[in-house]
Amino acid sequence: MAQSFISRSDAIDDIDFYTKTLEDVHYNPFLFIKKEKFFTEVEMIKKSIIDSISVNKFLILLYRISGLVKDGHNAPYIVQPVIIEELKKNNSSHIN
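In my numbering, the protein residues as written are 1 to 96.
Among the clues, some could well be false.
[Said to hold, decoys possible] Here are the computed distance ranges between Cβ atoms for each label pair: (1) 4 with 31: 31 to 39 Å; (2) 8 with 40: 17 to 25 Å; (3) 52 with 30: 25 to 33 Å.
These aren't lab readings, by the way, just hints derived from the structure by calculation. Heads up, the beta-carbon is just placed ideally off N, CA and C, and yes, glycines get one too.
Based on the sequences and whatever the hints tell you, model everything.
Following this line, the structure appears as structure tokens:
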């Protein structure tokens with residue numbers, strides 16, 4: 001079974017969009033982590049993507065970024081068809 005991959009540049013663009021959105025819409029994203037520490041960790045995560053990344057591993061990175069905020073109320077909202085299809089391939093048929 002072939003995995004779907006995301007290019008490094010697309011993954012970084014998505015991470016940048018996700019972190020910007022998190023910063024813009026979350027009431028207080030830096031309550032439990034300093035802003036500088038958050039973005040240092042995000043940069044390390046982005047640097048860990050060498051060439052491309054599987055959809056599954058990319059989703060894990062987004063959840064890691066969400067975890068930095070230490071707020072159980074935010075997480076990636078999975079609506080992108082490529083992610084839904086990839087999860088379905090890996091026996092996650094409960095994803096609609």
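Practice task
For the range 17 to 25 Å, tell me whether the beta carbons of residue 8 and residue 40 fit it or not.
Solution key: With a Cβ separation near 19 Å, residue 8 and residue 40 satisfy 17 to 25 Å, so the hint holds.
Handout entry: Assessment of proposed distance window 25 to 33 Å (beta carbons of residue 52, residue 30)
Key = holds, 31 Å
Handout entry: Range hint compliance [Cβ, residue 4 to residue 31, 31 to 39 Å]
Key = Taking Cβ atoms as reference, residue 4 and residue 31 lie about 35 Å apart, which means the hint holds.
In this structure, none of the earlier numbered hints is contradicted; all agree with it.
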